[in-house]
Structures are given as structure tokens and as C-alpha cells.
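*Asks:* Residue numbers (the working numbering), protein chains in the order written: chain E, 3 to 440; chain V, 3 to 440; chain R, 3 to 440; chain D, 3 to 440.
Heads up, some of the hints might be wrong.
Pairs count within a copy or across copies, as identical chains cannot be separated in the list.
[Said to hold, decoys possible] No farther apart than 25 Å at their CA atoms in a straight line, the calculated lysine-lysine pairs in the BS3-like style are these:
(1) Lys226 - Lys401
(2) Lys176 - Lys401
(3) Lys419 - Lys176
(4) Lys96 - Lys388
(5) Lys404 - Lys259
It is worth saying that the hints were derived from the structure and are not from the lab.
Take a look at the letters that make up each chain.
4 protein chains.
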Amino acid sequence: TGKHYMMGIGKIEYQPSAGPAETLCFKHYNAKEIILGKTMEEWLRFSVVYWHSFRGTGTDPFGGPTIKRSWEEGSDALEIARNRLRAAFEFFTKLGNKYYAFHDRDIAPEGETLEETNKYLDEVTDVALELQKQTGVKLLWATCNLFSHPWYMNGAATNPDAHVVAFAGAQVKKGLEIAHKLGAENFVFWGGREGYQSLLNTNLRTELDHYASFLKMAANFKKKIGFTGQLLIEPKPKEPTKHQYDYDAMTVMGFLKTYGLEGDFKLNVEPNHTTLAGHGYEHDIAVAASYKMLGSIDANTGSPDLGWDTDQFPMDIKNATLIMKIILEQGGLSPGGLNFDAKVRRESVEPKDLFIAHIGAMDALARGLKNAAKIVQDGILSQHLKERYNSFTNTIGQKIEKDEATLEDCEAFIASKGNPSLISGQQEHLEAILNHYI
Amino acid sequence: TGKHYMMGIGKIEYQPSAGPAETLCFKHYNAKEIILGKTMEEWLRFSVVYWHSFRGTGTDPFGGPTIKRSWEEGSDALEIARNRLRAAFEFFTKLGNKYYAFHDRDIAPEGETLEETNKYLDEVTDVALELQKQTGVKLLWATCNLFSHPWYMNGAATNPDAHVVAFAGAQVKKGLEIAHKLGAENFVFWGGREGYQSLLNTNLRTELDHYASFLKMAANFKKKIGFTGQLLIEPKPKEPTKHQYDYDAMTVMGFLKTYGLEGDFKLNVEPNHTTLAGHGYEHDIAVAASYKMLGSIDANTGSPDLGWDTDQFPMDIKNATLIMKIILEQGGLSPGGLNFDAKVRRESVEPKDLFIAHIGAMDALARGLKNAAKIVQDGILSQHLKERYNSFTNTIGQKIEKDEATLEDCEAFIASKGNPSLISGQQEHLEAILNHYI
Amino acid sequence: TGKHYMMGIGKIEYQPSAGPAETLCFKHYNAKEIILGKTMEEWLRFSVVYWHSFRGTGTDPFGGPTIKRSWEEGSDALEIARNRLRAAFEFFTKLGNKYYAFHDRDIAPEGETLEETNKYLDEVTDVALELQKQTGVKLLWATCNLFSHPWYMNGAATNPDAHVVAFAGAQVKKGLEIAHKLGAENFVFWGGREGYQSLLNTNLRTELDHYASFLKMAANFKKKIGFTGQLLIEPKPKEPTKHQYDYDAMTVMGFLKTYGLEGDFKLNVEPNHTTLAGHGYEHDIAVAASYKMLGSIDANTGSPDLGWDTDQFPMDIKNATLIMKIILEQGGLSPGGLNFDAKVRRESVEPKDLFIAHIGAMDALARGLKNAAKIVQDGILSQHLKERYNSFTNTIGQKIEKDEATLEDCEAFIASKGNPSLISGQQEHLEAILNHYI
Amino acid sequence: TGKHYMMGIGKIEYQPSAGPAETLCFKHYNAKEIILGKTMEEWLRFSVVYWHSFRGTGTDPFGGPTIKRSWEEGSDALEIARNRLRAAFEFFTKLGNKYYAFHDRDIAPEGETLEETNKYLDEVTDVALELQKQTGVKLLWATCNLFSHPWYMNGAATNPDAHVVAFAGAQVKKGLEIAHKLGAENFVFWGGREGYQSLLNTNLRTELDHYASFLKMAANFKKKIGFTGQLLIEPKPKEPTKHQYDYDAMTVMGFLKTYGLEGDFKLNVEPNHTTLAGHGYEHDIAVAASYKMLGSIDANTGSPDLGWDTDQFPMDIKNATLIMKIILEQGGLSPGGLNFDAKVRRESVEPKDLFIAHIGAMDALARGLKNAAKIVQDGILSQHLKERYNSFTNTIGQKIEKDEATLEDCEAFIASKGNPSLISGQQEHLEAILNHYI
């Protein structure tokens with residue numbers, strides 16, 4: 003029994019023939035439908051985020067909250083935290099997503115001391131655990147909010163004050179413990195304020211060294227407590243700091259390699275961060291996947307004409323197709339998922355907007371999945387790609403690829419074979435083929 | 003004797019009291035003046051580039067050549083190449099720079115075959131060697147143009163056709179040989195078309211693997227022939243390709259680490275590329291320096307409001323100060339230098355514009371050097387920075403820095419010491435101090 | 003009879019059931035199919051551009067020509083110009099577009115004097131006129147190239163040297179005459195170098211005043227010779243100059259209004275320029291349409307992650323839908339059209355790539371048309387929009403809209419009605435509806 | 003008597019020989035020093051903003067307040083508002099600025115109804131008036147906050163709901179009344195949420211028409227009450243909305259012209275908005291000045307590598323010189339001023355940071371003024387500019403400028419005079435001259 007918070011909106015159904023204006027049903031996402039040997043649900047592993055969808059109020063730098071939720075009523079912060087959790091699980095159940103994700107500070111209120119805060123976390127995660135069991139909804143990942151509290155203003159792991167670094171370490175300890183308790187399948191580090199505002203007050207190298215030390219402590223503690231979730235780092239190039247150390251996928255992968263952490267961490271890629279870094283929408287996902295470092299995806303989008311993180315719901319069918327193609331090609335995202343790090347627009351003040359936004363994005367990604375499955379099945383694009391590199395399967399190409407060639411070999415090859423010829427890149431042909439599937 | 007190409011402009015003199023409109027003399031750059039124990043000339047190691055300054059004609063994507071030079075007259079390409087070299091050395095001598103830099107294809111014409119092209123290179127570099135001896139001007143670095151020829155349209159080391167990769171290898175072999183012959187102090191790889199235009203026709207991982215293999219061949223050959231110049235990679239994020247693999251300093255450093263090449267290569271950082279990558283002007287120089295990977299600098303600037311490489315002469319005093327501060331702090335750039343990878347504007351069609359542009363940039367960097375020397379001598383900024391990280395010299399900070407702390411240690415520290423406090427970042431204070439020196 | 007230049011590629015057919023890899027046929031564009039009362043051909047009015055498609059060679063700032071065309075053989079520039087025209091009309095006929103567009107300098111070679119150049123133009127346009135008659139292909143618009151010649155380096159109409167302005171005027175005179183001769187339906191001004199590189203050498207106001215004077219001369223001459231084509235200005239924010247005066251649609255409309263030219267000119271909007279100006283893809287088209295100033299469209303696209311004009315073929319179905327919706331809502335584009343100001347990638351060196359690129363774009367826009375027609379027919383989006391502004395149909399809203407209200411009226415209204423309420427913007431709902439049609 | 007809020011910091015003095023680390027004194031700004039016939043104070047007309055400096059708490063989208071001020075203590079909002087005003091005037095007096103600026107909602111708390119809110123405004127502005135009289139500090143401008151309240155989420159003047167437009171109108175009525183009461187020298191409209199988030203729910207033309215109607219009501223009311231302050235519009239391209247209607251200076255000037263408002267409004271230009279619009283730092287100031295529409299300046303800066311409004315204090319000497327040169331050339335900014343729409347960094351939590359930031363910016367602009375005065379006195383740059391356009395003082399140039407030439411005249415001129423020649427733009431020469439003054 004208990005209170006219901008989303009009166010008037012029931013379980014979201016699959017109604018493939020619904021009309022254009024009917025946006026409170028799925029037209030493409032059909033959880034149990036089999037695509038290339040797995041259910042849609044298994045490929046897509048949708049996760050709803052707690053921060054935007056259950057803590058978001060529409061605030062922006064130019065105005066206060068516009069969004070009021072019925073479950074926020076009352077004055078006892080702990081009681082509200084419990085009600086909010088119940089509302090969230092009601093939402094998950096109606097929407098049909100199987101995963102959710104949170105920051106430690108999203109789900110439980112903050113006390114005066116770390117001890118008090120941790121006690122609140124214990125109490126609230128007891129409720130979360132119970133709700134997980136009741137509903138079957140699981141925790142895709144947990145993370146620690148190491149950026150909102152004023153004392154993190156100069157960074158957490160990279161703060162010039164060791165006292166703050168220690169606090170962050172203590173917080174991550176608790177974060178990993180609750181992740182373990184709730185069976186989180188991953189644990190994410192988003193480098194909120196790990197970066198600099200000005201090089202005038204920053205020792206870049208020292209801060210990056212500290213960052214690595216911090217991550218090592220986390221990786222060690224994870225092993226010690228037997229937590230088996232995958233650790234993930236989420237790249238972002240800028241905002242809130244002028245320069246975020248985890249700039250993009252390549253930067254993070256290089257950092258991990260430099261500090262010997264590449265075995266402990268994978269990447270949680272967010273396309274809105276990718277585009278802020280000056281790359282194409284699917285670039286970082288492709289980069290991470292090609293080095294087998296793609297752990298999970300924060301499925302969202304920005305506006306290419308805006309220079310900040312807008313965290314919009316991903317609605318573009320072409321982009322959805324491109325990322326689902328990468329996911330299919332690597333055999334799925336598990337234990338990662340498609341986590342909607344997206345918020346309804348500040349002007350979308352109705353509870354129904356929250357449903358519609360998630361449904362729209364789930365349908366877009368389901369269409370992407372179906373399109374990508376056809377691409378993979380037909381094999382035209384992959385065959386084209388394979389043939390393009392055929393010259394590396396023998397003679398000089400093979401030697402180069404195996405690191406067995408020398409520059410003298412190259413010279414001898416040219417002396418014997420002469421000048422190369424021009425081979426069309428066929429980009430427009432491939433774009434037209436892609437459009438066929440969209 | 004021989005022909006003179008820049009009649010009417012003589013040796014550029016140091017005239018510190020010249021008036022505002024007198025731009026054909028140095029007002030700040032005084033080659034032999036001692037700054038912090040070295041001459042300006044030793045700190046600044048200015049290099050003139052051959053491509054922009056002796057091959058540049060003002061062409062842009064919307065129009066043809068506007069700039070005509072007297073030394074380009076005639077019809078025999080080899081003869082013109084020799085005259086052009088003589089004009090260049092006349093220019094170097096008058097300007098007073100001690101270094102220059104070129105691509106292989108800048109200095110000698112291209113033949114029908116590699117063999118023929120190499121023969122031209124031999125002939126022209128004989129002249130260059132002679133001119134170097136006569137004038138004392140040295141080769142800061144050589145590089146191979148692996149991007150202009152049509153067959154490099156899909157990349158050189160990362161071309162999907164092994165035939166092209168082999169050609170590039172053969173070309174680099176010759177490039178290293180002539181660098182060796184001319185006593186180049188460095189050899190640069192700028193990844194001209196090492197990148198992709200579309201992920202639809204690209205296997206990212208394969209191309210990056212090939213790129214590493216290619217660089218290994220070059221590093222091996224360098225050692226084999228006893229060439230002692232420093233190998234350098236020059237980051238650039240985009241243009242001509244949609245995504246250049248050598249995106250920025252961090253990306254290149256991570257790539258080198260990933261493929262075990264970090265001992266063989268350093269970085270040649272170009273600020274116009276840094277800003278195109280979405281960073282602040284001095285960011286990549288600071289990043290490379292902090293990991294002891296800063297090899298050389300392509301001293302130029304872009305316009306922050308433009309999204310392509312404008313290669314303007316660096317004229318901003320504040321930026322000059324910031325980069326000279328980094329150079330002073332690392333004890334100089336040698337064997338690298340400040341190479342003007344900059345071109346006069348398409349509308350600056352007079353020979354005198356070429357002098358004025360170089361003089362203006364040399365003066366700006368000389369002012370930067372003098373400002374930075376005062377900053378370093380006063381020690382106010384460095385002292386401030388040191389104090390900011392003081393908490394890592396003992397207790398928990400020291401343990402974290404030495405990788406000896408655990409998350410449990412952090413928790414215990416907080417249990418004992420309580421919450422951190424807020425310490426001002428003092429950015430405006432530091433900006434005001436910096437302005438004092440400018 | 004005569005030579006054929008595109009052997010092996012015949013008339014492009016409509017084959018709606020062709021497979022994914024078959025990109026040399028239309029799957030959506032069916033010229034005579036009726037959509038909302040007009041044929042596709044009438045709605046879409048496709049135009050092929052002469053400059054990219056018949057003069058483009060793949061040159062970019064980092065490399066020379068990669069594309070060689072069979073019709074470019076020979077040594078007599080005039081003869082080549084005639085052959086090129088024949089090849090172009092063969093292409094148009096096979097592709098099935100009904101319009102083309104050119105700059106004066108694209109179609110005929112340049113002589114030593116204006117007189118000689120004009121004579122060449124006369125001769126070549128005689129051939130063009132004959133080919134137009136033979137094939138039924140018409141000239142969507144002509145324009146003058148006022149930016150490629152070296153003497154335009156500092157601008158044409160806004161050049162600080164009146165001699166250059168006069169030359170540009172003389173060139174436009176001839177340009178209008180040949181447009182008139184060939185029955186061009188429009189005449190375009192793209193402000194190639196009308197802008198500034200540095201404010202240090204620019205008097206902004208003087209240059210804009212001259213620009214207006216120049217356009218007045220053109221508008222007057224047009225009337226004098228009885229040319230009835232629509233004059234168009236094409237906005238672009240930057241490139242080649244640092245700041246182009248015709249920044250975007252709003253800027254150009256304001257400029258026209260300021261100088262009393264709003265009755266003589268409309269806009270030719272290019273989405274790649276719109277995105278370079280920091281707007282969304284369809285923004286300038288929407289802006290121009292809403293003031294009834296949308297004259298024609300240069301149908302292309304850029305890459306949102308690149309800061310320069312890439313002039314790619316428009317292949318995105320969502321964007322195609324959004325612009326076709328605007329075109330449908332204003333009843334068509336005539337006398338304007340969808341002009342492919344797009345070039346095959348530098349690496350797309352085969353003649354077949356040229357066909358595939360055009361076909362892919364035509365199919366994308368045909369899909370956009372079909373999607374948009376359903377949107378317009380269903381009326382859901384337009385009805386939603388209408389209702390959103392309903393409050394302006396009576397009381398205070400109506401008074402405000404009619405400029406009959408005062409601030410005192412507003413105050414009285416609030417005193418009587420109290421505070422406003424919050425009405426959801428429903429952005430996600432509308433995005434989901436849009437996706438239904440894509 | 004009364005409480006003092008900035009104990010320990012006294013009147014900021016002019017100490018030209020203070021050392022680098024002494025940032026709590028002026029080294030360049032000397033209020034009564036005469037420059038080109040006016041005092042520095044008269045040229046610079048510095049204004050401190052109330053919102054950032056007295057309401058700013060360091061909040062950003064990723065974290066809450068970091069900055070706590072002593073004057074914010076207590077629980078009675080009105081009492082706090084009065085104390086805050088006293089603290090502000092203490093700050094003004096110590097700093098020595100002669101102007102300040104506020105939004106209506108900055109200075110007084112908001113009530114449940116408009117009537118109640120207005121009553122608070124009356125009470126608090128009584129205190130402000132008294133403090134102005136006591137200190138001689140004047141109100142540079144007032145403005146209405148038409149963007150923070152939730153009901154403005156879809157815009158104020160351009161809200162689709164007439165009820166909201168009416169509320170905004172009523173609010174502006176009161177805003178103009180208090181501006182009048184306090185003797186404000188200007189009144190600003192910053193189009194906070196006048197723009198769109200999505201074209202799917204927006205009728206662009208309708209909203210712009212309403213915007214013009216709204217501004218007309220304001221201009222009419224201003225005249226009716228005899229308020230003589232200058233009305234100003236402040237351009238901004240984006241943020242918080244995806245597209246702000248007041249994109250940049252040219253857009254706003256075109257809008258005013260289109261709706262017949264060009265006699266009633268001038269521009270308040272903010273360089274951080276200018277750079278967000280993709281222009282150079284000084285562009286919009288130059289544009290507005292060249293059409294005699296520059297009313298006032300919000301003196302600040304952004305980071306060119308960031309895509310959002312960072313509102314930093316302007317510290318760059320070159321930029322300061324460029325804008326002071328424009329101000330000198332138009333004879334001053336009065337009744338406008340240099341208003342610091344800038345905030346201390348979130349990490350600059352000390353009261354002293356607030357002083358240092360203002361002092362640093364005032365000193366930078368004072369240096370800019372002194373540099374610019376030398377430039378103006380020497381006349382080298384202006385003479386160069388004048389000569390560049392000399393060809394418009396006679397023959398065809400003069401005719402073109404007077405709108406008396408025809409295209410036939412141009413043709414005749416070329417027939418007689420032949421081809422134009424190439425004249426160097428001399429950009430590097432001018433940049434080197436500019437550096438002489440910096």
C-alpha cells in the first residue's frame with residue numbers, strides 16, 4: 003500500500019501503433035523483444051538518475067526552482083529522503099527501467115559531521131535495499147558527490163589542502179561501502195572540481211599525482227572489502243572548472259596508463275561531455291571501446307551551439323544508432339548501462355514531463371538498437387571497413403603491423419612498387435548507406 | 003657577393019628609444035643582453051620557418067596568391083630553390099635569428115619518383131649546409147611533409163593503404179638523413195592527416211597501432227644512423243581532419259606511454275593548436291613542462307573567436323610572459339627553441355611586412371622574457387604556490403603523496419580533525435600581481 | 003552526339019526498394035510524386051553548384067588537388083570552359099536536378115583586362131544558354147566572385163581603395179547582365195571578404211556605409227535593365243575574414259533596414275554558416291522566414307565540432323525535416339531553391355562519389371519533405387503552437403499585441419488577477435512528437 | 003557611527019610605487035589626475051554592481067554558497083536588506099567608485115504580492131537615497147530582474163502567457179519609478195530569458211513583436227513620468243536560453259530600427275557577452291560606437307576557452323587599452339559608465355578578495371586609459387586609418403560614398419584606369435605600434 007506519488011500515470015505500456023501526440027507510451031522499446039539473441043532490456047540496461055530526476059528542481063544560474071514535487075513535502079529531512087526513495091521506485095516500476103544511479107548526497111541528508119552524515123546514509127540505504135528487493139530494480143552505479151560542498155571548492159582529490167583530500171577519502175570509503183551493500187554493479191568517479199581555475203595558483207603535476215594516489219587508495223579499498231563492481235572514471239573537459247583533468251577519453255586513458263591504473267578503472271562516457279571537448283557525439287564512446295575501456299554510458303545530449311552541459315535527454319535517432327552499433331559490436335555494455343544523466347528542461351514542470359522525457363529517450367535508443375542490429379546483421383559497413391585495411395594482411399603492410407619493418411624496408415618497397423595510388427574514402431557513400439538504416 | 007633580395011632593408015638593429023611608428027628595429031630584443039645568467043639569444047632561440055615565410059603566398063581557401071617574392075622568378079625549379087635558400091639566409095642574417103626550420107618539400111622540388119625527389123633534396127641541402135656554415139645559422143628542426151601530396155589524403159602513417167604508409171616511411175628515412183646531414187637539433191612529426199574525417203570509414207584502433215609502429219621505425223632508424231636530434235610530436239586537435247589523433251599534449255603523452263614511446267619523443271607545442279583544442283593559450287606548454295616533456299615551441303597565436311589555425315605572429319605581452327616564465331622555470335628550451343610557425347596576413351604583401359612581423363614577435367617575447375625574469379627573481383608567485391601545497395609536507399598529506407595512506411587513514415584523520423575549512427584561491431590577487439610585471 | 007564525360011553512369015532512377023549498398027539510385031526522391039498538392043520537384047527545386055562540383059579539385063589549406071576530371075583535359079582555357087559546361091549539363095540531366103548556380107569566374111576564364119574577361123563570359127554564356135534550352139535546366143542564381151582575385155584581398159564593396167570598389171561594381175554590372183541573359187531566377191551577394199581582419203586598420207562604419215552604397219547601385223542597375231530575378235544576400239559570420247559583416251540572418255535584416263534596402267533584397271541562408279555563427283542548424287532559415295525574408299537556401303551542413311565551413315552534403319534526416327517544414331509552411335521557396343553549396347570530401351576522388359553525394363542529399367531532403375508533409379497535415383505541432391499564445395487573443399494580451407497597453411494597464415491587470423502561474427514548455431513532449439515523424 | 007562591515011580594510015589609496023604583492027592599493031588609478039583634459043574619474047565612471055558583489059555567494063550549478071558576508075546575519079529580510087545597503091556604501095566609499103547599479107530584486111526582498119514587494123522596494127530605496135546623499139555615490143543604472151522568478155521561466159516580455167508579460171510590465175513600471183526617485187542616469191533591459199529553448203514550442207516573430215511592444219510601453223512610461231535616464235539594451239547571445247533575442251550589438255541595433263525604437267534606446271555592451279557571440283573582445287563596443295549607439299559598458303571578461311558567462315574582472319591591459327581608445331575617441335561614456343558586471347571567483351571567499359578584484363580591474367582600466375591617451379595624442383593610428391580611405395575623397399570614390407555613382411560609372415572608371423593594385427593591410431605593423439603603447 004503506502005502513498006502513491008504519481009497519481010494518474012500508470013505503468014508505461016508498449017503501444018507500437020499509438021499516434022504522434024501520444025507520448026506516454028513506448029512505440030519502440032519493447033523490453034522482452036529479442037534483438038540479435040538478447041532482449042532489448044539486456045542490450046539497453048536503462049538506468050534512471052536520482053540527482054536530476056529526484057533532486058532536480060529546475061534551478062539554473064539565473065533563477066531558482068521551478069519544479070515542485072509532491073514527495074518533497076514535510077520538514078523532516080530523513081523522512082523526506084525515505085519518501086523520495088519510495089517515489090523514485092514507484093517511478094522506476096512504472097517506467098520499467100531496471101537500474102538506477104545516485105550520488106551519496108542525493109539520497110540522504112548531510113549532517114554536521116561525517117559520522118552523522120554516514121548514519122543518515124545507513125538509514126536511507128536500508129530503505130533503498132528493501133525497495134530494490136521488492137521491485138527487482140538494481141543499482142547500476144553509485145558515486146560520491148565530491149564537488150558540491152563548499153570545502154570542495156578547490157577540488158577534492160586534487161585540493162591543495164590535504165585536509166580536504168582526506169575528507170574526500172573518508173567519503174569515498176563510505177561510498178564504496180554502501181555501493182557494496184546495495185550490490186552496485188559499478189562505482190563512478192566524476193572529477194567534479196578536479197581541475198584548475200587558473201594556472202597562477204595551480205601546480206598541475208602535483209595535483210595529478212595526488213589524483214592518482216587518491217584513486218589508488220580507492221582501488222585498494224575496493225579489493226579489501228570484496229566489492230566487485232567496476233570502477234569507472236567519467237571524462238569531462240571543463241565546467242565547473244576552467245580545465246577538468248579528465249578532459250576526454252584519450253586523456254583519461256593516458257592518465258590511467260601513466261599511473262599504472264589501467265587495470266582498475268574503465269570509462270563512463272557522457273556524450274554531452276564529449277561534444278563539450280570538441281569531438282563528435284560518438285567519438286569518446288568509439289575511442290574507449292576501441293581500447294576495450296568502455297565501461298558504461300551516461301546517455302544524454304547537449305546542444306552543439308551551446309558551450310555548457312545541458313544534460314538533455316538523448317532523442318536523436320542517428321546518434322542513438324551510432325552508439326548502439328558500437329555497443330552491439332562489443333557484445334553489450336554489461337556490467338555498465340545506459341544511464342540517463344539528463345534532466346527535464348527547467349520549463350518542463352509537470353511530473354508527466356519527467357515520464358515523457360524518459361520514454362522519448364528510451365524509444366530513441368530502442369530505435370537506435372533496431373537500426374544498429376540491421377547494420378550489424380547486413381554486415382555491409384563492417385565488411386567495407388575490413389576491406390579498407392586489407393593491404394595490412396601481407397607484404398610490407400603485415401611487417402609494419404607486426405613491428406618487423408624498418409624505414410629501409412619501406413624505401414625498398416617504394417623502389418620496387420613505385421608511387422601509391424589514390425583510393426576514394428567514399429564518405430558520402432557510407433553516409434548514404436547509414437541513412438538507409440535510420 | 004651574389005644577388006640581394008631584400009634591398010632597402012638592412013640589418014635589424016636594437017634601438018630601444020625608437021618611436022611608435024618605427025617597427026623595423028628591435029626595442030626590446032637585445033641578443034647579447036644578459037638575463038638571469040644567459041643571453042637573450044640563449045633563452046629565446048628564435049627560429050624562422052621556411053614554409054610560411056619563404057613558401058607562403060597568401061593563398062587561402064577563398065583566393066589565390068597575393069604575395070610575390072623577387073626570389074621566385076625563373077623557370078628552373080632547382081635554381082629557384084637555391085635562390086630561395088639564399089634569400090632566406092639573407093633574411094636570417096638581417097633579422098638576427100640563429101635557427102630555421104623546414105619540411106623536406108619546402109626546400110626542394112618534388113620529382114616524378116622518390117629517387118628523383120631525393121636527388122633534388124641532396125642538391126639543395128648541399129647549398130643549405132654551405133649557407134649554414136657561412137652564416138652560423140643552424141637548423142632547429144627538420145620535418146617531413148606527409149600531408150600535402152594527394153596520396154596522403156587519407157593519412158600517412160595511419161593511411162588504410164600500406165603502400166602509402168611505406169612511402170611515408172621511405173620519405174621519413176630520407177628526412178632523418180638530411181636532418182642528420184644538416185645537424186638539425188630536433189626532428190618533428192606533425193600529424194598532418196593522421197586522424198579521421200568520418201568514423202564510418204575508420205578503424206580507430208588499427209590506425210593508432212599503425213601510427214605507433216611507424217614512430218618506432220623512425221626512432222630505430224634515428225639511432226641506427228647516429229642522429230642525435232630530439233624527436234618531437236606536435237599536437238593539434240583538428241584541421242585538416244575532423245579529428246587529429248595528436249589532439250593535445252595530454253593525448254600525445256598518453257599515446258606515447260601506451261605504446262612505450264615516451265623515452266623517444268618529446269612535444270613541440272603550438273599555442274594556436276592548444277587554443278583550437280579548447281584550452282587556454284599556455285595550457286599545453288604547462289602540461290608538457292610539468293611532465294618534463296616540453297621539447298620545443300611553435301611560437302604563434304590564433305584568434306580566440308576563430309575556429310581554425312590562423313598562425314599569427316605572437317604579439318600578446320601577457321601570453322609571452324606566461325610562456326617565458328615556464329621556460330625560465332625549466333631552465334631553458336634547448337635543444338628546442340621558439341620557432342615562428344606564423345605567417346604574415348594574406349593582405350601583408352610587402353617584404354617589409356615579413357620583417358616587421360618577425361621583429362614584432364621577437365620584441366613581444368623579449369618583453370615576456372624580461373617580465374618573467376622579474377617574476378622569477380622576486381619569487382612571489384612561486385612562493386605563493388609552494389605554500390598552497392604545504393599541507394602535503396606532513397601527516398596525512400605526506401602519506402597520501404607517498405602512496406602510503408588508505409581510505410581508513412583518511413577516515414581516522416577526519417574523525418580526529420573534523421571538517422576542513424575554506425581557503426581562498428586568491429585568483430584575483432594573483433592576477434593583479436601578474437599585471438604588476440606586465 | 004558529342005563526348006560523354008560520365009561513362010558508366012546513366013540516368014539516376016527512382017528505385018524505392020533498392021538495397022542499402024545501392025547508392026546510385028533514388029529511394030525517396032521521386033520527382034513527379036505529389037506531396038500536398040505539388041510535385042516533389044516543385045517543392046524541392048534542387049540546384050547543383052558549379053564551383054564545388056565542376057571547379058572543385060579537393061584542394062585544402064594543407065594540400066593540393068586530389069580530384070581529376072576528364073573534362074579538364076586540354077590547354078585552351080576557353081575550350082575547357084565549354085567542355086566543362088557540357089559535362090555539367092550531362093551531369094544535371096543524369097541526376098535530374100532542374101537548376102544550377104555559378105559565380106561569373108567559375109564558368110569562364112579570366113583575361114588580362116575586364117574587357118577581355120567579359121568577352122570570355124559572353125562566349126561561354128552563349129554555350130550555357132544553348133545547353134539550358136536543350137535540357138530545360140535553368141539558372142537558379144548567378145553571383146559574382148568578388149573575393150578570389152588578389153585585389154579583393156581587403157574586400158570588394160568594402161575595400162578601403164575606391165579603385166577596387168569600382169572594379170567590383172563593374173564586375174557586378176556584367177554579372178547582372180549575364181544573369182539577365184540566362185534568365186536567372188535570383189542573383190546572390192555573398193560577402194566574401196566584406197568584413198575585417200583587424201579593427202586596427204578598419205573603419206567599420208565607413209565600410210558598412212560603402213557596402214550599402216554598393217548594393218544600391220546594384221539594385222538600381224537591376225531595375226534599369228529589367229532583370230526580374232530576386233536579389234539575395236547570403237549571411238556568413240567569419241571566414242575568410244575574422245568578422246564578416248553579413249554575420250547572420252538578423253544582422254543582415256537589420257543592415258537592410260538601416261540602409262533602406264529591405265525591399266530590394268532577401269536572404270540566401272546556408273545552414274553551415276548558421277552553425278558557424280553559433281546558432282542551431284535551422285535557426286537562420288526560421289528567422290528569415292518569420293520576417294518573410296527567406297529567399298533561397300544553400301542546402302548543406304557542417305560538422306558541429308569544427309570551426310570552419312566544411313560545406314558537406316546535407317544528409318541528416320531530422321534537419322531535413324525541420325527545414326522542409328518551414329518551407330511547406332511558407333508555401334514553397336520559389337523563386338529560390340535548395341542549392342547544394344556542398345562539395346564531395348577531398349578523399350572522394352571518383353566521379354561516382356559526386357553522384358552519390360548529390361543523390362544522398364536529395365534523398366535526405368525528400369525524406370524531410372515527406373516527414374514535414376505529415377507534420378503539416380496532422381497539424382499537431384502547429385495547433386500546439388497556436389494554443390500556446392492564446393492569451394494574446396483577448397484582454398491585456400490583445401492590448402499589448404496591438405500596442406494599446408500601458409505599464410499602468412499591466413499594473414492594474416496584476417492588481418486584479420494576481421500572480422501568474424507556471425505553464426510547462428513541454429519541450430520533451432514536442433521532441434518526442436517530432437521523432438514520431440522521422 | 004553605526005556598524006562597520008569591512009574592519010581592517012580602510013580607504014584604498016593611490017600608491018604608485020607599491021610592490022608587486024601589495025594589491026590593496028591603486029598603482030595606476032588616481033581619481034583626480036587629469037588625462038586629456040578630464041580627470042580619470044570622469045573618463046572611467048566606475049560602477050560597482052550590487053548583484054554579484056553584495057548578493058553573490060559563490061553558488062554555481064555544481065555547488066552551493068561558499069561566500070559568507072558579515073552583513074547577511076539576522077532573520078528579518080528587510081533589516082538585512084538595509085544593512086547590506088550600508089555595507090555596500092561603506093565598500094563604495096572605501097573603494098572610491100562614484101557609481102553603483104542594481105536589479106530591483108537585489109536590493110529589496112520579494113513579497114507574496116506585487117503590492118507587498120513594491121512596498122519593500124519603497125522602504126529600502128528610501129535608505130538608498132539617504133546613503134546616496136551622504137556619500138555622493140550615484141546610481142549609474144537600475145534594471146528589473148525579469149528572469150529569476152519561476153514564472154519568468156518562459157520569458158518575460160516574450161512569454162507566451164500574456165499574464166506574465168503583464169506582470170513584467172507592472173514590475174518595469176515600478177522599476178522606472180524607483181530609478182527616477184534615485185536619479186539613475188540610465189535604465190537597462192537585459193533580456194534574461196527573452197529568447198527560446200526550442201523552436202518546436204516557439205513562434206519567433208510573435209515573441210519579437212511582443213518584445214517591441216513591451217519596450218514601447220517602457221519608453222512611453224519613462225517620458226510620462228519625466229525620467230530622463232537613458233534606456234539601454236544589453237546584448238547577449240545565449241545563456242540561460244539556447245538563443246537570446248538580443249544576440250549581439252548588430253542584432254539589437256537592427257531590431258530597434260525594425261520596430262522604430264532606435265531613438266529611445268542605446269546599448270549597454272558587455273564584453274563577456276560579445277565573446278560568447280563569437281566576436282573579438284572589443285567588437286560590440288566598436289560596432290555600437292560607430293553607429294553612436296554605445297550607451298554604457300559592463301566592464302568584465304570571460305575566458306575565451308569557456309562557453310559560458312564567467313563574469314570575471316577585466317584585468318587584461320591590451321583589452322583595456324582598446325576599449326578606452328574607443329571611449330576617448332567618442333569623447334567619453336557619460337551618462338554611461340564602466341560598470342563591473344563581474345564577480346569574484348567562487349573560491350575567493352575573503353572580503354579582501356572583493357576589494358582586490360575591483361582594485362585590479364580599476365588599475366587595469368586606468369592603465370588602458372593612460373595608454374589610449376598616448377595613442378590618441380600621438381595620432382599615428384588614427385592618421386593611418388584616415389589615409390587608408392583617402393581614395394573616397396575624390397572622383398569615383400566620392401561619388402560612390404555620396405550614392406551618386408552607378409555601375410556604369412564603375413565600368414567606365416575601370417575602362418579608363420585599368421586594374422587595381424594591391425595595397426598592404428599592414429596588420430603586423432599596426433599590432434607592433436599598438437604594443438608600443440602597452
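*Asks:* Next, verify each hint and record whether it holds.
*Replies:* Okay, the hints, checked on the actual structure:
In this assembly of identical chains, Lys226 and Lys401 lie within 25 Å of each other by CA distance solely across copies; the values are 19 Å between and 45 Å within a copy. For the identical chains of this complex, Lys176 and Lys401 are inter-copy neighbours only, at 20 Å across copies versus 52 Å inside a copy, given an alpha-carbon limit of 25 Å. In the homo-oligomer, the alpha carbons of Lys419 and Lys176 lie at most 25 Å apart only across protomers (18 Å), although the nearest pairing inside one protomer, at 64 Å, exceeds that limit. Within a single copy, Lys96 and Lys388 get their C-alpha atoms no closer than 44 Å, and across copies no closer than 32 Å, so neither meets the 25 Å cut-off.
Proximity of Lys404 and Lys259 under a CA criterion of 25 Å is satisfied in both settings, with 22 Å inside one chain copy and 19 Å between copies.
Checked against the numbered hints above, the structure violates only hint 4.
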